[in-house]
Amino acid sequence: MELVLPNELGYELIARDAVAAFARRAGMPRDQIDDVKTALCEACINAIEHGNSMNPELRVQVSCCVDDDRLVIEVCDQGVSPFAPKAEPLSMVEKVSGFGSLRGMGLMLISQLSDESGFVPHGEVGNCFRFAFQRHRAASLSC
Amino acid sequence: MMLEDELTVSTRERDGVAIIDLVGDVTTFAEEKINSAYREVTNKGSRFVLLNFRQNDYINSAGIAILIGIVTEVNRNSQKLAVSGLSQHFQKIFRMVGLAQYAEIYQNEDDALDGFKRLSAA
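Chains as they are written, first to last, in the numbering used here: chain A, 1 to 143; chain B, 1001 to 1122.
If you're looking for bench data, these hints aren't it; they were derived computationally from the structure. If you're wondering where the values come from, they're calculated on a predicted model, not measured in any experiment. Idealized CB from N, CA, C, for every residue including glycine. Check each hint, because a few of them may be wrong.
[As the list claims (entries may be wrong)] Mimicking SDA-like on lysine to any residue, the simulated pairs with C-alpha atoms at most 20 Å apart in a straight line are:
#	chain 1	residue 1	chain 2	residue 2
1	B	K1092	B	L1081
2	B	K1117	B	D1015
3	B	K1092	A	R59
4	B	K1044	B	V1009
5	B	K1092	A	R16
6	B	K1092	A	F119
7	B	K1092	A	Q32
[Claimed, not checked] Now the stretches of chain A that chain B is said to cover, found in silico as 3 or more residues with beta-carbon under 8 Å:
#	region
8	89-95
9	114-121
[To be verified] Sample of chain B residues with no beta-carbon within 12 Å of chain A, all distances over it, derived:
#	residue
10	V1009
11	D1015
12	K1044
13	S1061
The following block holds chain A by itself, in its conformation from the complex (with noise of 0.2 Å):
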């Protein structure tokens, strides 16, 4: 499945939607469909926010697919730099203790809630992160 966003925030939550509704009918339990909803909307942030740097011109890309073993998703953005996040994001003491910015967690939701996450080559312009999830109920479901 694939999916074409405008750069805005707000449509992270229709491809959130769309995604749950493929996960679902791929037989994933639900407690892991809240978890791939939420990696997804922050992947998407990171698109929308960081990588396309909220420029309304472009566009974010979703695909998504699933095999016997595992759930994958690819976020791709069409920024002109690539996305650096911080190798090291700050601590909740340290936020709280004014260190930082307060944002800046979405990669480490999404590293901690699926079973694999990073930017892949890409090989075009713009950034790519993938994300994956092992199914736990498989059902057959095409890409």
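Let chain A serve as the given structure and place chain B on it in line with the hints.
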């Protein structure tokens, strides 16, 4: 798009606790509403503040960042903060990001009020 008006914030007082009801989505667009409600209860001198979540289908990292800002202010003002009404999923998310270090998480409003009572009696 459609996110700006997806959160309703209101304040009330019960058993000496300032309750901020958050009904709807907590995202970057919630900042002014949440901060304004917090300022209101703080200006009234509230020592105990409860963020009571309801019908929260969507809380993202930008929304959590707003809540971290509230935690910072709560610490600065020597108040006590708790949260209630979160789904199991968002309770997990709050623990994941470390918010549970700063705000006790309760299943519902009544449990939270009991917790504050124990705290004030101690």
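Check your understanding: Are the Cα positions of K1044 of chain B and V1009 of chain B separated by 20 Å at most?
Key -> holds (17 Å)
Point to revise | S1061 of chain B remote from chain A - nearest C-beta pair above 12 Å | key: violated (4 Å)
Practice item. For the pair we were handed, K1092 of chain B and Q32 of chain A, check the Cα-Cα distance against 20 Å. Key: Holds, at roughly 12 Å.
Point to revise | Whether D1015 of chain B stays farther than 12 Å from all C-beta atoms of chain A, as the label says | key: holds (27 Å)
Review point. Is the Cα-Cα distance between K1092 of chain B and R16 of chain A 20 Å or less?
Key: holds (19 Å)
Review point. Would you say V1009 of chain B is clear of chain A, with no C-beta pair closer than or equal to 12 Å?
Key: Non-interface label on V1009 of chain B holds, nearest chain A Cβ at 19 Å vs cutoff 12 Å.
Check your understanding: Are three or more residues of the region 89-95 of chain A within 8 Å, CB to CB, of chain B?
Key -> Per the Cβ count (4), the hint holds.
Point to revise | Satisfaction of hint between R59 of chain A and K1092 of chain B, Cα-Cα up to 20 Å | key: Roughly 31 Å between the alpha carbons, so the hint for K1092 of chain B and R59 of chain A is violated.
Exercise for review: With a cut-off of 20 Å on the C-alpha distance, tell me whether K1092 of chain B and L1081 of chain B pass.
Suggested key: Distance ~18 Å between K1092 of chain B and L1081 of chain B Cα, so the pair holds.
Exercise for review: Apply the coverage criterion to the region 114-121 of chain A and chain B: a residue qualifies when its Cβ sits closer than 8 Å to a Cβ of the chain, and three qualifying residues are needed.
Suggested key: Coverage by chain B is violated here, the residue count being 0 at a Cβ distance below 8 Å.
Check your understanding: Between K1117 of chain B and D1015 of chain B, does the CA-CA distance stay at or below 20 Å?
Key -> Within the cut-off at roughly 9 Å; holds.
Review point. Once the closest CB in chain A is found, is it more than 12 Å from K1044 of chain B?
Key: holds (24 Å)
In this structure, the earlier hints numbered 3, 6, 9, 13 are contradicted, and the remaining ones agree with it.
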